[in-house]
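S.K.: Sequence:
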Amino acid sequence: MMRQYELVERVQKYKPDANEALLNKAYVYAMQKHGKQTRASGDPYISHPLEVAAILTEMRLDESTIAVALLHDTIEDTSATRAEIDELFGEDIGRLVEGLTKIKKLDLVTKRAKQAENLRKLLLAISDDVRVLLVKLADRLHNMRTLEHVPPEKRTRIAEETMDIYAPLAGRMGMQEMREELEELAFKNINREAYDTVTGKLAELSERNRDLIRTIEGELSALFEQEGVNASVRGRQKKAYSVFRKMESKSLSFEQLSDVFGFRIIVDTEADCYRALGIVHMRWSVVPGRFKDYISTPKQNDYRSIHTTIVGPSRQRVELQIRTRRMQDIAERGVAAHALYKDASNGAEGELLSRDSRAYSWLRQTIEALSVGDNSEDFLEHTKLELFQDQVFCFTPKGQLIALPRGATSIDFAYAVHTDIGDTCVGAKINGRIMPLVTRLTNGDEVEILRSGVQVPPPAWEKIVVTGKARAAIRRATKVAVRKQYSGLGMRILERTFTRAGKPVSRDGLKSVLHRLGHKEVEDVLAAVGRGELASDDVLLAMFPNHQETRAPARKPADEGWFNLRSAAGLIFKLPGLNKSQKTAKASLRAGAAKDQDAMPIRGMDDNAAVSFGPGGAVPGDRIVGILEPGAGITIYPIQSPELTKFDDQPSRWIDIRWDIDENNKKRFPSRILVTAINAPGTLADVAQVIASSETNIQNLSMVRVAADFTEMLVDLQVWDLKHLNQLIAQLKELEPVSSVERIYQ
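Numbering (the working numbering), first residue to last: 1 to 746.
No wet-lab data here; the hints were simulated from the structure. Keep in mind that the hints are not guaranteed to be accurate.
To be verified - Below are the DSSO-like pairs computed for lysine-lysine, each with C-alpha atoms no more than 27 Å apart in a straight line:
| no. | residue 1 | residue 2 |
| --- | --- | --- |
| 1 | Lys-429 | Lys-484 |
| 2 | Lys-239 | Lys-292 |
| 3 | Lys-201 | Lys-250 |
| 4 | Lys-398 | Lys-429 |
| 5 | Lys-36 | Lys-154 |
| 6 | Lys-15 | Lys-25 |
| 7 | Lys-250 | Lys-238 |
| 8 | Lys-246 | Lys-479 |
| 9 | Lys-292 | Lys-154 |
| 10 | Lys-723 | Lys-463 |
| 11 | Lys-429 | Lys-463 |
| 12 | Lys-246 | Lys-188 |
| 13 | Lys-250 | Lys-292 |
| 14 | Lys-188 | Lys-239 |
| 15 | Lys-238 | Lys-201 |
| 16 | Lys-511 | Lys-484 |
| 17 | Lys-723 | Lys-239 |
| 18 | Lys-201 | Lys-188 |
| 19 | Lys-469 | Lys-479 |
| 20 | Lys-154 | Lys-479 |
| 21 | Lys-646 | Lys-463 |
| 22 | Lys-25 | Lys-13 |
| 23 | Lys-463 | Lys-484 |
| 24 | Lys-154 | Lys-666 |
| 25 | Lys-246 | Lys-201 |
| 26 | Lys-479 | Lys-520 |
| 27 | Lys-250 | Lys-188 |
| 28 | Lys-733 | Lys-250 |
| 29 | Lys-250 | Lys-239 |
| 30 | Lys-469 | Lys-398 |
| 31 | Lys-484 | Lys-503 |
| 32 | Lys-102 | Lys-25 |
| 33 | Lys-238 | Lys-292 |
| 34 | Lys-723 | Lys-201 |
| 35 | Lys-239 | Lys-154 |
| 36 | Lys-188 | Lys-723 |
Claimed, not checked - What follows is a list of derived Cβ distance ranges for each label pair:
| no. | residue 1 | residue 2 | range |
| --- | --- | --- | --- |
| 37 | Leu-257 | Met-282 | 24 to 30 Å |
| 38 | Asp-649 | Thr-396 | 29 to 35 Å |
| 39 | Gly-218 | Leu-714 | 56 to 62 Å |
| 40 | Asn-191 | Arg-214 | 31 to 37 Å |
Cβ coordinates follow ideal geometry from the N, Cα and C atoms, glycine included.
Generate coordinates for the entire structure from the input sequences, incorporating the hints supplied.
M.R.: And the structure:
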């Protein structure tokens, strides 16, 4: 365990004028409060805050942040109070310690809605002062280093939370070294078998290529020395999780990877970066498409470097990263590298962390996005996308740089510039050529958005865009457009009804009877009439109670707007107000055609309404939509289903649906695969055996094509979720007689 004087010496190495008294007082206070407490490993509890503080000294943070690290568990785990810490150490340190205490109570691996709300609270807590995040990341890193002492069930939860939230946050803050270590430790605990396999192969590869790495380092160093560039060349091997993620995402075997080893070239100045690049490219051939200049267009986490891949010494593909020492420091420590202790020009104290850093700007923009999403789940989807996705950098015709997640389209670009531009977008020019709006953007594209004042974003755009901002804006615009359409129809219906009765109708008149109609705005009344939820005769009677006319018995207005329904299949539906022909007293919403005890009574559907799955089925993990079948219920389709093209011109039938699976009461869901196998005795038995051993039910199996050499089998299955289905497909592909396996959506 580190001693008190050792901690002080660590800080004084990079900050000679550090407040030694503050560090000593925090050390003594934490030691007294934690007393005889011990950790799961049996070590004294004080060893944990000391190690957290030590991690922060490696980031070269100031003594106030180190003191917070020493105190970070006192309010949560001891008799210490916020008031006491404020009195002894000041309100600034007290506020940070309390912020960390609140974060510790958040459960970030739980049911989706609660997880989204807790992630929201986490980001709010760190947005005010990013030091809260730095201490929390150091705290999580030490906990991950000692995770073997935690019970297995808790160990998995902590590892998943680290992989899902804290490692990506470290990456977004530019702290690449910490991100890599967090990912490695989480990977080791989540998938130990894969970790051991990849680690073993990396060790073997490293041993085989040790001489080759030295040769390449030597040739590069000699070349730069010959050209007069002061450069340090260091070879490095990729981490196990990075290798595993690439193998998984690109469906590659370990032997197919060509860039397990990379080389960093560290030079003195930015100009030297480009000189070094020119020297390398003149000497060796470049691999096309593998050049990226993050110096001229830095990443949002402040990362700057030149990446290139060459066919280098010994005809090996070599990945190079060229950067200055300052860029290297930022690449490793991220926002922590922006720490300012003294302004050299005037000796004044600077901010702890520069709020002008791009990483900190991303954090503030994410907080602003809190108000963009319609609900917590939208926020979670948007934020996780922002955390995990790599980015592409595009330009407006005026040269403004727009950063978007990889896979973004021109529609995402339009909404990133401004919501109004997205709402009125009708086309796009990419690099001067008119291209489809669904075209995925690449680095360096110049995008010009073509607009029309009468354009309304189609609901189908929501399936195309990838950014949360665009998706939320499209939903809002669609609702406004639909409401406006129903409102206009409602006004025409009322005008005809009132004319027939010989009475005047006006918006001002409607405004005076809103309280009688159960609505807050005139537009709500008009839209309700247009949708058939409110009878025009009821509006007439509300304005003219003494009017006498034979009419149908008044009906109580249905609930306005959209409402959520939950089905026994584990689906949440977001339905619009239904029209008059669909309104009945009560109905049963269920998964399948036959009634069962899990069916739930739902207002607004016919008695025999059913929730069914379209051809090919759908499973949890798929993005899904529902199509309203008049008089029959709702049919569920995966977003990839070609069947959905039939309904492109019928947006009113599309229903927003989300999975909401009860982990304690899991059910199987339908899916369909096409298996192509060699015609050989026993092939069908082998396929059936693999399916049965994976806890998958076969609902139907048919031979759709039988040739002399091969057979195509269409298999209807019932699986737990998308992961289960993908595992089954992978197992079937490993069978020797099987040529291919693909999922079918129709």
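S.K.: Tell me the hint numbers this structure goes against, listed in increasing order.
M.R.: 1, 8, 9, 20
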